[in-house]
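S.K.: Spelled out, the chains give:
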Amino acid sequence: MVNITINGKSIQAPEGYTVLKAATENGIHIPTLCDHPELAPYGGCRLCLVEVDGFRTPQPSCTLPISNNMVIRTETPALHESRKFVLGLIFSERNHFCPYCQQSGGDCELQNAAYDEGMTHWPLQPGWKSFPVDASHPYIILEHNRCILCRRCVRACGELVGNFTLGVEERGANSMLVADLGTPLGESSCVSCGTCVQVCPTGALIDRWSAYRGREEESTSQKTICTACSVGCGLEVFTRDNNIVKVYGNWDSSINKGVICDKGRFEPMIEKRERIVTPIVKQDGKSKAATWENALATIATKWSKDDASALVSTKLPAETLSMIKNLVGNDFVSTIEPTGAALAKVSSEMKKPFEGKLSDLKQSDCILLVDANLADDHQVAGFITKRLIPNGTHLIIVDSETNPFENYADVVLTTAKGGEAALMQTIAEGKGRDNTAKAIEILTHAVQPVIVFGNCANEDAIKAAIKVAEKYHGVVLGTLGGANSLLTTVMGMEKPINVTKAKSVLVALGDDEPNQKLIQQLDKVPFKVVIAAYHSQLTAQADVVLPTGMWAEETGHFINLDGHVQEAVASLRMPEQVKSSSEAVKVIADKLGIKVNGDEWKKELTIHQSITEIVTA
Amino acid sequence: MAKPKISSDWMGGCAGCHMSLLDIDERIIKLVELADLRATPITDLKQPDESGVDVGILEGSITNTANEEVALRMRERCKILVALGDCAVFGGVPAMRNFFSIDETLKRGYIETESTDAEGKIPDDPELCTQTKVRSVNEVVPVDLFVPGCPPDPDVIFYVLSELAQGRMPDLKGDKINWH
Numbered sequence: 238m239v240n241i242t243i244n245g246k247s248i249q250a251p252e253g254y255t256v257l258k259a260a261t262e263n264g265i266h267i268p269t270l271c272d273h274p275e276l277a278p279y280g281g282c283r284l285c286l287v288e289v290d291g292f293r294t295p296q297p298s299c300t301l302p303i304s305n306n307m308v309i310r311t312e313t314p315a316l317h318e319s320r321k322f323v324l325g326l327i328f329s330e331r332n333h334f335c336p337y338c339q340q341s342g343g344d345c346e347l348q349n350a351a352y353d354e355g356m357t358h359w360p361l362q363p364g365w366k367s368f369p370v371d372a373s374h375p376y377i378i379l380e381h382n383r384c385i386l387c388r389r390c391v392r393a394c395g396e397l398v399g400n401f402t403l404g405v406e407e408r409g410a411n412s413m414l415v416a417d418l419g420t421p422l423g424e425s426s427c428v429s430c431g432t433c434v435q436v437c438p439t440g441a442l443i444d445r446w447s448a449y450r451g452r453e454e455e456s457t458s459q460k461t462i463c464t465a466c467s468v469g470c471g472l473e474v475f476t477r478d479n480n481i482v483k484v485y486g487n488w489d490s491s492i493n494k495g496v497i498c499d500k501g502r503f504e505p506m507i508e509k510r511e512r513i514v515t516p517i518v519k520q521d522g523k524s525k526a527a528t529w530e531n532a533l534a535t536i537a538t539k540w541s542k543d544d545a546s547a548l549v550s551t552k553l554p555a556e557t558l559s560m561i562k563n564l565v566g567n568d569f570v571s572t573i574e575p576t577g578a579a580l581a582k583v584s585s586e587m588k589k590p591f592e593g594k595l596s597d598l599k600q601s602d603c604i605l606l607v608d609a610n611l612a613d614d615h616q617v618a619g620f621i622t623k624r625l626i627p628n629g630t631h632l633i634i635v636d637s638e639t640n641p642f643e644n645y646a647d648v649v650l651t652t653a654k655g656g657e658a659a660l661m662q663t664i665a666e667g668k669g670r671d672n673t674a675k676a677i678e679i680l681t682h683a684v685q686p687v688i689v690f691g692n693c694a695n696e697d698a699i700k701a702a703i704k705v706a707e708k709y710h711g712v713v714l715g716t717l718g719g720a721n722s723l724l725t726t727v728m729g730m731e732k733p734i735n736v737t738k739a740k741s742v743l744v745a746l747g748d749d750e751p752n753q754k755l756i757q758q759l760d761k762v763p764f765k766v767v768i769a770a771y772h773s774q775l776t777a778q779a780d781v782v783l784p785t786g787m788w789a790e791e792t793g794h795f796i797n798l799d800g801h802v803q804e805a806v807a808s809l810r811m812p813e814q815v816k817s818s819s820e821a822v823k824v825i826a827d828k829l830g831i832k833v834n835g836d837e838w839k840k841e842l843t844i845h846q847s848i849t850e851i852v853t854a
Numbered sequence: 017m018a019k020p021k022i023s024s025d026w027m028g029g030c031a032g033c034h035m036s037l038l039d040i041d042e043r044i045i046k047l048v049e050l051a052d053l054r055a056t057p058i059t060d061l062k063q064p065d066e067s068g069v070d071v072g073i074l075e076g077s078i079t080n081t082a083n084e085e086v087a088l089r090m091r092e093r094c095k096i097l098v099a100l101g102d103c104a105v106f107g108g109v110p111a112m113r114n115f116f117s118i119d120e121t122l123k124r125g126y127i128e129t130e131s132t133d134a135e136g137k138i139p140d141d142p143e144l145c146t147q148t149k150v151r152s153v154n155e156v157v158p159v160d161l162f163v164p165g166c167p168p169d170p171d172v173i174f175y176v177l178s179e180l181a182q183g184r185m186p187d188l189k190g191d192k193i194n195w196h
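Order-wise, the sequence lines are chains P and L.
Just so you know, we're using our numbering here: the first sequence kicks off at 238 and counts up by one.
Just so you know, we're using our numbering here: the second sequence kicks off at 17 and counts up by one.
If you're looking for bench data, these hints aren't it; they were derived computationally from the structure.
Computed from a predicted model, the values in this text were never measured in an experiment.
Beta carbons: idealized from backbone N, C-alpha and C, even for Gly.
Treat the hints loosely; a few may be bogus.
Stated by the list, open to error - Straight-line C-alpha distance at most 25 Å; calculated SDA-like pairs for lysine to any residue:
no., chain 1, residue 1, chain 2, residue 2
1, L, Lys189, P, Gly343
2, L, Lys189, P, Phe322
3, P, Lys366, L, Met112
4, P, Lys366, L, Lys123
5, L, Lys192, P, Leu361
6, L, Lys192, P, Gln459
7, P, Lys366, L, Gln147
8, L, Lys189, P, Leu361
9, P, Lys494, P, Gln459
10, L, Lys192, P, Tyr337
11, P, Lys321, L, Val109
12, L, Lys123, P, Ser367
13, P, Lys816, P, Asn834
14, L, Lys189, P, Thr311
15, L, Lys149, P, Lys494
16, P, Lys738, P, Asn752
17, P, Lys321, P, Ala250
18, L, Lys189, P, Tyr352
19, L, Lys192, P, Glu453
20, L, Lys192, P, Thr311
21, L, Lys192, P, Asp344
22, L, Lys192, P, Thr357
23, L, Lys189, P, Asn411
24, L, Lys137, L, Glu120
25, P, Lys366, L, Val109
What the hints assert, rightly or not - What the simulated footprint calls covered on chain P by chain L, stretch by stretch (three residues with Cβ under 8 Å from a Cβ of chain L suffice, anywhere in the stretch; the number is not a length):
no., region
26, 337-346
27, 351-361
To be verified - Here are some chain P residues pointing at chain L (derived, C-beta under 10 Å):
no., residue
28, Phe334
29, Lys366
30, Asn672
Use the sequences and the hints to build the structure in full.
M.R.: So this is what it looks like as structure tokens:
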């Protein structure tokens, strides 16, 4: 610990802390615009200058490491003058006209800093140079007139997302934020994660969806998790009048540390599917709106308990999955896309958890992707991978298809479909030629290799991946499928769909989308009950449709790909006639006289073998 | 002691700041008790007393030579000059036109607007003032007190005026600063 004094107050802080960090953690506010807790110190805006005994000039507190007996002052008249001067320069550089900006009135860090300094006006007027507005991106608007060149977005794009799309061209007053080498943002290499929007201190990077829809203080914020995939990123959902205003990544989530992808942040904005708002019952071949009473009565008459099956989406909460298991019995529940069957089989053969954690991936110096496409799905795992590469982390790709990360890879090993296992076996044995030899060489020297295998990997490939991990002292990590895929694997729901003999089927879709194969498989089932949030081809065929919540309306537990048990908390109220998925299953069970228990998943976790250690908060 | 004289005028603005002044409601009676409200756009006198006033208030930005005259006259005749509202303080909404040339804005305003027919014509009477770059008040004359806001909150306006009327310089900070 290092002893320092700030404004006469004695403070102890760990060695390596900056003055800003030590001050902030001790409740001393130092204004800053370019600094961000999740980004490397930059020292660009000069707003955080402090006086330090023994230093001739004020020092930027964001880059100054603390040292023993340092005496710091943050509130002297000279510092306030210097802050006003810095702010005056920033305001004069571009065109900051608060009345036309949606950040104004609390959400703008620049305006707040000026208010804090008691600025009633600008000491210098702007030069009336017009700067462009880049509105080429489907989700993000880049408004150069409001940019203060703090480079938070540039650093977030590189340091957190590993994408390096944003940068700054030219120098001094000609400096401009650019995407790639000056291409419009919408045509650039941007992956639409929106992290730049989340870190922008002004209204320079805004999201079309949330702009002008209300300030943060006018919204209600709810911390929850994303259920778009199995990574389980922490979210902060801002709502107003029961509408989503914006979705931010939760900086406090240990899993994603504030970074999310377009699926979590922006895709809810383009949700075009039609919502189901009442139960629907098919009568004489026609689907008609019905009451819950009618719908449940229909189920009670036509449901054949002894020949019933259920198909579940992996986007459903643990509580709903548990109840469905009770409803039809363990042997008769499958997921709607049982892609985890191979993993479930491997898991049942293993004696103990065999997968690592995302924290292993975050520290890895060699990542081996086996049939894992981290650009389209599980993107945040992809960001973690990509951001490590500039630090020297090696990337090896084993894939039967073109992997989008090939450009970042040290070695790309292409195999025929199904050939992954054999290739991995060769690597595990430590013998091979050409590129395989190169991969082996890299793995041999790696300290913390992580083998990430995708959802399509077959049993042999997974086993071979485990062998590779054993040989090179690394860990394996499966990307799995949906938000609750780990739980469906543990609970034995990852098995091929078999509804040929079923007379009644319950399909619990939640807000998931049924695929064609599923619809075909269900074609011949005499009685179909679908629990869904949105209309689809499947709900059109169903005998009874029960309306349920979409992701932001459901509360329940999810276990992410590396075993973290997390709770999704509803940020929106459900429409009048809609019930949560667990409630919907519960009322069906009550009507059929079957006892269900939404907490049973907890017991299952203790009974069954999991692929990775379960972590409860 | 005689009550301090307060005068106000408006220039390139929307009159919203004066509307916000009227929104102090019944407190205007208190104000009249404290100060002598002289020429304002909402009283009958049209120009601040030649003999001078204690407080002069200007709303709006300086967009043409007529506004310049108003600003210079007010500065000359008042002891304390107050820039009221975002237009007077920063340039505000009218300053958006600074991104275009004056010809372009005149053409857009008098000829190209959707409601203008073929007879549209840019006024060119020599007696009319000429348009200039839009400036905040302190770009033209020195300002003693800036009261930002679009418009400033009535409570802030009342605070400012009652302080000035009682011979004190208002101290705008915290909740009283709002650029909107």
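S.K.: Next step is simple, just say for each hint if it's right about the structure.
M.R.: Going down the list of hints, with the structure as the test:
1. As the CA atoms of Lys189(L) and Gly343(P) are separated by approximately 15 Å, the hinted pair is consistent with the 25 Å bound.
2. For a cut-off of 25 Å, the pair hint linking Lys189(L) to Phe322(P) stands: about 18 Å separates their Cα positions.
3. For the proposed pair Lys366(P) and Met112(L), the alpha carbon gap of about 11 Å is at most 25 Å, so the pair holds.
4. Distance restraint check for Lys366(P) and Lys123(L): the Cα-Cα separation of roughly 21 Å lies within the 25 Å cut-off, and the hinted pair is therefore satisfied.
5. Our distance criterion of 25 Å between C-alpha atoms is met by Lys192(L) and Leu361(P), whose separation comes to about 22 Å.
6. For the hint pairing Lys192(L) with Gln459(P), the CA-to-CA distance comes to about 30 Å; that exceeds 25 Å, so the pair is violated.
7. Our distance criterion of 25 Å between C-alpha atoms is met by Lys366(P) and Gln147(L), whose separation comes to about 19 Å.
8. A distance of roughly 20 Å separates the Cα atoms of Lys189(L) and Leu361(P); the hinted pair therefore holds under the 25 Å criterion.
9. Our distance criterion of 25 Å between C-alpha atoms is met by Lys494(P) and Gln459(P), whose separation comes to about 16 Å.
10. Only pairs whose Cα atoms come within 25 Å are accepted, and Lys192(L) paired with Tyr337(P) is accepted, the gap being roughly 20 Å.
11. For the given pair, Lys321(P) sits about 24 Å from Val109(L) by alpha-carbon distance, which is consistent with the 25 Å threshold.
12. Note on Lys123(L) and Ser367(P): the hinted pairing holds, with a Cα-Cα distance of about 20 Å set against a maximum of 25 Å.
13. For the suggested pair Lys816(P) and Asn834(P), the alpha carbons sit about 17 Å apart, so the restraint of at most 25 Å is met.
14. Restraint check for Lys189(L) and Thr311(P): satisfied, since their Cα atoms lie roughly 19 Å apart, inside the 25 Å limit.
15. The straight-line distance between the Cα atoms of Lys149(L) and Lys494(P) is roughly 48 Å, outside the 25 Å bound, and the hint therefore fails.
16. A distance of roughly 21 Å separates the Cα atoms of Lys738(P) and Asn752(P); the hinted pair therefore holds under the 25 Å criterion.
17. Note on Lys321(P) and Ala250(P): the hinted pairing is violated, with a Cα-Cα distance of about 29 Å set against a maximum of 25 Å.
18. Of the supplied pair hints, the one linking Lys189(L) and Tyr352(P) holds, its CA atoms being roughly 7 Å apart against a limit of 25 Å.
19. A C-alpha spacing of about 20 Å is found between Lys192(L) and Glu453(P), which places the hinted pair at or below 25 Å, so the restraint holds.
20. Proposed proximity of Lys192(L) and Thr311(P) is supported: the alpha carbons are some 24 Å apart, at most 25 Å.
21. Using a Cα cut-off of 25 Å, the hinted pair Lys192(L) and Asp344(P) holds, with the two alpha carbons roughly 17 Å apart.
22. Proximity of Lys192(L) to Thr357(P) is assessed by CA-CA distance (about 10 Å); at most 25 Å being required, the pair is judged to hold.
23. A threshold of 25 Å between alpha carbons decides the hint, and for Lys189(L) with Asn411(P) the separation of about 34 Å lies outside it, so the pair is violated.
24. The straight-line distance between the Cα atoms of Lys137(L) and Glu120(L) is roughly 13 Å, inside the 25 Å bound, and the hint therefore holds.
25. Among the hinted pairs, Lys366(P) with Val109(L) is consistent with the structure: their alpha-carbon atoms are about 16 Å apart, no more than 25 Å.
26. Look at the region 337-346 of chain P against chain L: 3 of its residues bring a Cβ nearer than 8 Å to a Cβ of that chain, three or more, so the hint holds.
27. Look at the region 351-361 of chain P against chain L: 7 of its residues bring a Cβ nearer than 8 Å to a Cβ of that chain, three or more, so the hint holds.
28. Taking 10 Å as the C-beta contact cut-off toward chain L, the hint placing Phe334(P) at the interface holds, the least distance being around 7 Å.
29. About 8 Å separates the beta-carbon of Lys366(P) from the nearest beta-carbon of chain L, less than 10 Å, and the hint is met.
30. Nearest Cβ of chain L to the Cβ of Asn672(P): about 56 Å, over the 10 Å cut. The hint is violated.
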